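Given the structure of chain A, go ahead and fit chain L onto it with the hints provided.
Letter by letter, the chains look like this.
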Amino acid sequence: MIQAPKRVSVLIGDDEPMIREALREVLEAEPDIEVVAVAEDVDETILLAAQHAPTVAIIDVRMPNGGGARAAREIRSQSPGTRIMAFSAYGDNGIVDEMVRAGVSEYLLKGTSNAAIVAAVRRIAAA
Amino acid sequence: MTATPPRRQCDRNTPPKPPSSEDITLGLFVQNVLDYAIFLMDAQGRIISWNAGAERIKGYSTEEIIGKHFSIFYPPEEVAAGKPDWELEVAAAEGRMEDEGWRVRKDGTWFWANVVITALYDDQGRLVGFGKVTRDMSERRAAEKALTQRRRLLAHLVQAQEMERRRIAWDVHDDSIQAMTTVAMRLQLLAAKLPEESAESVRQLNEAVTASIGRLRDLVFRLRPPGIDSSGLVESLSSYLEQVVSQWGLTYALHDELKYEPPPEPTITVFRICQEALTNIRKHAHASSVTVSLATVDQGVLVRVSDDGIGIDEQAFDQLSGLEHFGMNEMRERAETAGGWWKIRGQPGIGTTVEFWVPAPLSPDGSQMS
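Those protein sequences? They're chains A and L, same order as listed. First residue of the first sequence: -9, per our numbering; consecutive thereafter. First residue of the second sequence: 2, per our numbering; consecutive thereafter.
One chain only, chain A, in its complex shape:
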């Protein structure tokens, strides 16, 4: 156990409440990760990212008010230190490319194991 772990702050942006809650539980079960904010749509995601400047923002791709790509672009411009991870049911190349162009560092498919999600959060937080 690391004595004073540097905590990774995370923002979750997903319009599906079940996913938000499950994701929060998965991440908060980890001692070095803290969920600092949870948003339900693109506007709220952008707003909370600006307020909290989290280490990592985990955003859904298909979200009301402009979709994950808009959220990613705004977060990159308003909170440049925040790394962005897309969390989506889509694995479509075009959508992955669009998200990467919008500034996403990692793209995880829904259905990925909890361990892989946690590992991805730590990986991009350390990058």
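Worth flagging that the hints you see were computed from the coordinates, not collected in a lab. Since the structure is predicted, the reported quantities are computational estimates derived from the model, not experimental observations. Mixed in with the good hints there might be a few duds.
As the list claims (entries may be wrong) - Pulled a few chain A residues facing chain L out of the computed Cβ check, cut under 7 Å:
| hint | residue |
| --- | --- |
| 1 | E6 |
| 2 | P7 |
| 3 | I9 |
| 4 | E34 |
| 5 | G56 |
| 6 | D82 |
| 7 | G84 |
| 8 | L98 |
What the hints assert, rightly or not - What the simulated footprint calls covered on chain A by chain L, stretch by stretch (three residues with Cβ under 8 Å from a Cβ of chain L suffice, anywhere in the stretch; the number is not a length):
| hint | stretch |
| --- | --- |
| 9 | 15 to 22 |
| 10 | 35 to 49 |
Just so you know, even glycine gets a beta-carbon here, dropped at the ideal spot from N, CA and C.
Coordinates of chain L only, in the frame set by chain A:
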């Protein structure tokens, strides 16, 4: 013509005399043609000759019609509007006059006719009368109308099917996949809290749920490739080949020679036909590789989907009504409904190629240019 064929009276040693142009005249031919009403009119439009085709199409015998004005064949409102006389005037002025429209038979029924009126002049250039050829186009017109209606209906069906598929895809994406993702995440959390002997069965449960999330994702993909609206044809096909076709154990190549991304409607048409062709390859071809080529040709998309499988025997294929058997009519109808064409060719042992073209005109402002 003699009543008895001359050949019977011939000496066996004398070869029969071939019929001459005196025996077979143009007049005789005209008289006997059944497919066209061919008759002559004087300069005022009164009928002076009548053939078998005219009797068949219009229903009047020669005795009944000779001397009558040809306006008898026109619907009353066109007679009232002076159309018959106007047609003669045009024919007299320009040498000929062609028209398509309704005409009336002796029994009062109407038929759709193609009509050509030719002005006839004597050696001094004086108008002596008119020749008129009329063809009954009713059957062709009805067939064209039926085809148009069928195409329209099919286009509606295709559109409705696409909308329904899109709706189901969104439902599966927005509801089923999200719910099952949550279940999987919670099962993993639960497994971490349970003693090892119980944890294993929860982990297995999680694996089953995770596997079915993958299958649902494929289902969404087949129903409505998510990127097709935003990313276009090439990207969607490429994703489909990568994510679906490669899982079937087929290697693939995609050759993109498109000069521009087609608009949404042809995009979905091309995608669906490719999808069907690829599914056929999977089911029937015993192939190991498939090549999809896209090219811009004549303001449309020319597509070839080729495999290296067992191929088809084209003759046997036709005899077996293979088109229907392999659901290929659906591909053809999709292409034809979109205003294009579709064909399949192949050789036993060499492989099969599905080739089709659908129009994909650019919008006037060229906004589809990639």
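message = So, against the hints stated earlier in the document, which numbers end up violated here?
response = 2, 4, 5, 8 and 10
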